[in-house]
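Student: So the chains spell out like this:
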Amino acid sequence: MIPGFGSLMQDVLWCFSQVKGTIDVGVTDADIISTVEFNHTGELLATGDKGGRVVIFQREQESKNQPHRRGEYNVYSTFQSHEPEFDYLKSLEIEEKINKIRWLPQQNAAYFLLSTNDKTVKLWKVSERDKRPEGYNLKDEDGRLRDPSMITMLRVPVLRPMDLMVEATPRRVFANAHTYHINSISVNSDYETYMSADDLRINLWNFEITNQSFNIVDIKPANMEELTEVITAAEFHPHHCNTFVYSSSKGTIRLCDMRTAALCDRHAKFFEEPEDPSNRSFFSEIISSISDVKFSHSGRYIMTRDYLTVKVWDLNMENRPIETYQVHDYLRSKLCSLYENDCIFDKFECVWNGSDSVIMTGSYNNFFRMFDRNTKRDVTLEASRENSKPRAILKPRKVCVGGKRRKDEISVDSLDFSKKILHTAWHPSENIIAVAATNNLYIFQDKVN
Amino acid sequence: MEFKLEAHRIVSISLGKIYSARGQRGGLKLHKNLLVSLVLRSARQVYLSEPGCPPEPPPAAAAAEPPEEEPAPRTAAWAAEPPPPPPPQDEAGRDCQGPRPRRCCCGEENRGGCAGAPPPPHCPRKRSAGERGQAGSPVKKPRREEEEPPPPPPSPPGEQEDMETSNVASLISIFGSSFSGLLSKEPKGRRRPPLDGGEAAAGTAPAEAAAETGQICCDEPVLRTLNPWSTAIVAF
Numbered sequence: 001m002i003p004g005f006g007s008l009m010q011d012v013l014w015c016f017s018q019v020k021g022t023i024d025v026g027v028t029d030a031d032i033i034s035t036v037e038f039n040h041t042g043e044l045l046a047t048g049d050k051g052g053r054v055v056i057f058q059r060e061q062e063s064k065n066q067p068h069r070r071g072e073y074n075v076y077s078t079f080q081s082h083e084p085e086f087d088y089l090k091s092l093e094i095e096e097k098i099n100k101i102r103w104l105p106q107q108n109a110a111y112f113l114l115s116t117n118d119k120t121v122k123l124w125k126v127s128e129r130d131k132r133p134e135g136y137n138l139k140d141e142d143g144r145l146r147d148p149s150m151i152t153m154l155r156v157p158v159l160r161p162m163d164l165m166v167e168a169t170p171r172r173v174f175a176n177a178h179t180y181h182i183n184s185i186s187v188n189s190d191y192e193t194y195m196s197a198d199d200l201r202i203n204l205w206n207f208e209i210t211n212q213s214f215n216i217v218d219i220k221p222a223n224m225e226e227l228t229e230v231i232t233a234a235e236f237h238p239h240h241c242n243t244f245v246y247s248s249s250k251g252t253i254r255l256c257d258m259r260t261a262a263l264c265d266r267h268a269k270f271f272e273e274p275e276d277p278s279n280r281s282f283f284s285e286i287i288s289s290i291s292d293v294k295f296s297h298s299g300r301y302i303m304t305r306d307y308l309t310v311k312v313w314d315l316n317m318e319n320r321p322i323e324t325y326q327v328h329d330y331l332r333s334k335l336c337s338l339y340e341n342d343c344i345f346d347k348f349e350c351v352w353n354g355s356d357s358v359i360m361t362g363s364y365n366n367f368f369r370m371f372d373r374n375t376k377r378d379v380t381l382e383a384s385r386e387n388s389k390p391r392a393i394l395k396p397r398k399v400c401v402g403g404k405r406r407k408d409e410i411s412v413d414s415l416d417f418s419k420k421i422l423h424t425a426w427h428p429s430e431n432i433i434a435v436a437a438t439n440n441l442y443i444f445q446d447k448v449n
Numbered sequence: 001m002e003f004k005l006e007a008h009r010i011v012s013i014s015l016g017k018i019y020s021a022r023g024q025r026g027g028l029k030l031h032k033n034l035l036v037s038l039v040l041r042s043a044r045q046v047y048l049s050e051p052g053c054p055p056e057p058p059p060a061a062a063a064a065e066p067p068e069e070e071p072a073p074r075t076a077a078w079a080a081e082p083p084p085p086p087p088p089q090d091e092a093g094r095d096c097q098g099p100r101p102r103r104c105c106c107g108e109e110n111r112g113g114c115a116g117a118p119p120p121p122h123c124p125r126k127r128s129a130g131e132r133g134q135a136g137s138p139v140k141k142p143r144r145e146e147e148e149p150p151p152p153p154p155s156p157p158g159e160q161e162d163m164e165t166s167n168v169a170s171l172i173s174i175f176g177s178s179f180s181g182l183l184s185k186e187p188k189g190r191r192r193p194p195l196d197g198g199e200a201a202a203g204t205a206p207a208e209a210a211a212e213t214g215q216i217c218c219d220e221p222v223l224r225t226l227n228p229w230s231t232a233i234v235a236f
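Going down the list, the protein sequences come from chains Z and A.
Okay, so the first sequence: first residue is 1 according to full-length UniProt numbering, each after it adds one.
Okay, so the second sequence: first residue is 1 according to full-length UniProt numbering, each after it adds one.
Hints are computed from structural coordinates only; laboratory data are not their basis.
Each statement offered as a hint is correct.
Straight-line Cα separation of at most 16 Å, EDC-like style, residue types lysine to aspartate or glutamate; simulated pairs:
| hint | chain 1 | residue 1 | chain 2 | residue 2 |
| --- | --- | --- | --- | --- |
| 1 | A | LYS29 | Z | GLU229 |
| 2 | A | LYS29 | Z | GLU93 |
| 3 | Z | LYS395 | Z | GLU409 |
| 4 | Z | LYS398 | Z | ASP408 |
| 5 | A | LYS29 | Z | ASP346 |
| 6 | Z | LYS389 | Z | GLU72 |
| 7 | Z | LYS334 | A | GLU6 |
In silico contact screen, one side only, chain Z against chain A (beta carbon under 10 Å); selected entries:
| hint | residue |
| --- | --- |
| 8 | PRO84 |
| 9 | ASP87 |
| 10 | ILE94 |
| 11 | ASP118 |
| 12 | HIS181 |
| 13 | LEU200 |
| 14 | THR228 |
| 15 | GLU229 |
| 16 | ILE286 |
Computed from a predicted model, the values in this text were never measured in an experiment.
We treat Cβ as the ideally placed atom computed from N, Cα and C, and that holds for glycine.
Looking at chain Z on its own, in the form it has when it is part of the complex (with noise of 0.2 Å):
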């Protein structure tokens, strides 16, 4: 354990650790990051992007020779986990982009993921090969076959040593179930079952099984014509193996208990906080449409991510949230150009830290925040090539809101809008981040005394 862990927010120095992608100007669609996700034990860091390729970092030994250099991530596999599809049947092109990637536990030496696109479920198998069996009777080294009359005496082929190979294969496809996109897919405590949110239904799938899913929810209303909410994510909860939540474009947060009923259109929980009436707007539906939710570590706690604001709910409290984090309430002012420009439709992540005690999420200009739970304390940090340095301290930055602006303060007519963190990552343990900022990746971590 890393001294430091689970200590209160601002006793948390962070620096910089490395940055993944390239430094290039043009930065070509394909290479924009759309997931990143911690393994278990955090020592693996899963990336997906728009071009459907899946890049693994997988952290080094600790070496006491350097032990400045803590653990660094370095590349361990890449491979093309979704291709472009194009659907004959509607003439749609299926994007290829990896919406969410989740790791299982790891069971044995292999490693197991699962990625998504909009459409299909893949299940990866990331293993190692460094050894190879040399020796074979009926072929030569080659893998020409012998001519068994040529054969003189038998021997037993051996294990050898090779370089290092780290294969992925893509062991389970599941497609076909989805007519909407796929938003979330979740894994389940019991390890045998994961489920898939569209738009509007949840779908319960055996990970041994990829022709047959169960269908848990369904909101798609008989017509059409009514449809007034959408559900934009949905997760299983850490330990109970029969609740899961989902959330909609309407800002309510559902738990169901997949015990009461094969299809769990009712809910046994509804979490929604009343309108501010004084916030109304034209924009008000589109900003408390929730873009994330996540259940704490300890299961007792839900958090949401709409476009503003940041909400941890008691999962016992139904009627309004326990904690709201203003995230850059500047914004508001700004709604209708947001609107214009797309970006009221950017769909940010949120995470919790190991201890469930900080909770971050990115903003616009790179930056991103954290929120203490304890001490209510806030800061904003920027992930730039200019703080990138080895272990440079990042600097808290502030946005000026009005009035006059002070020397490092940054004015909210400055931020560049297409630079967003929308996916952040949280290591299970440790306080290690990544994250990811359009093409490139990076990782923070605490300050070694």
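We have chain Z already, so just place chain A on it with the hints.
Tutor: Frame of chain Z, contents of chain A only:
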């Protein structure tokens, strides 16, 4: 007044987004289009109920305005306005003068009853100006003339809510059918607004019409694909 202009602008932007969503890679994004339609509905509500009258139509609308007066069918297209009965609509070209009973933002027929608003004159002309601002294309006119205009009946706010919902709901069903519904020649008043705004946003009339016709054979309703998927989904 500013609200009205802003509302009008938001309506135009929204329709532009709906239109441009058609060609998007990856297919129609249901979530985003639902949100856009909600904004469209809110903005339209404000636009139609906001008191006050602009001194002249917004320049864009004026430039796009066809020379003659739009016939009454247009008001049917918006389908939300309460009384005035036809006579005030004939005066669509005149200045908005004098107070008239109208539905204000409070949802009642009330003169000067709105908080913070002066006694509002009814301005049917604004509505047509707004519509014209979104039409902008001579191709629209022949289609509109095909329409049979049902006279807008006086209706209480509750009913209007339904009509507005159905108007927006028809937008959603259009999303569901990948905009192939836009190409229908049925004289359904409800479908006018997206057609107007969408094509106005595109800006080129005859080419657009040709392109849309060509797309009929390609577009397939999202909903119709449900059956192939149901074989893969089993619910116990």
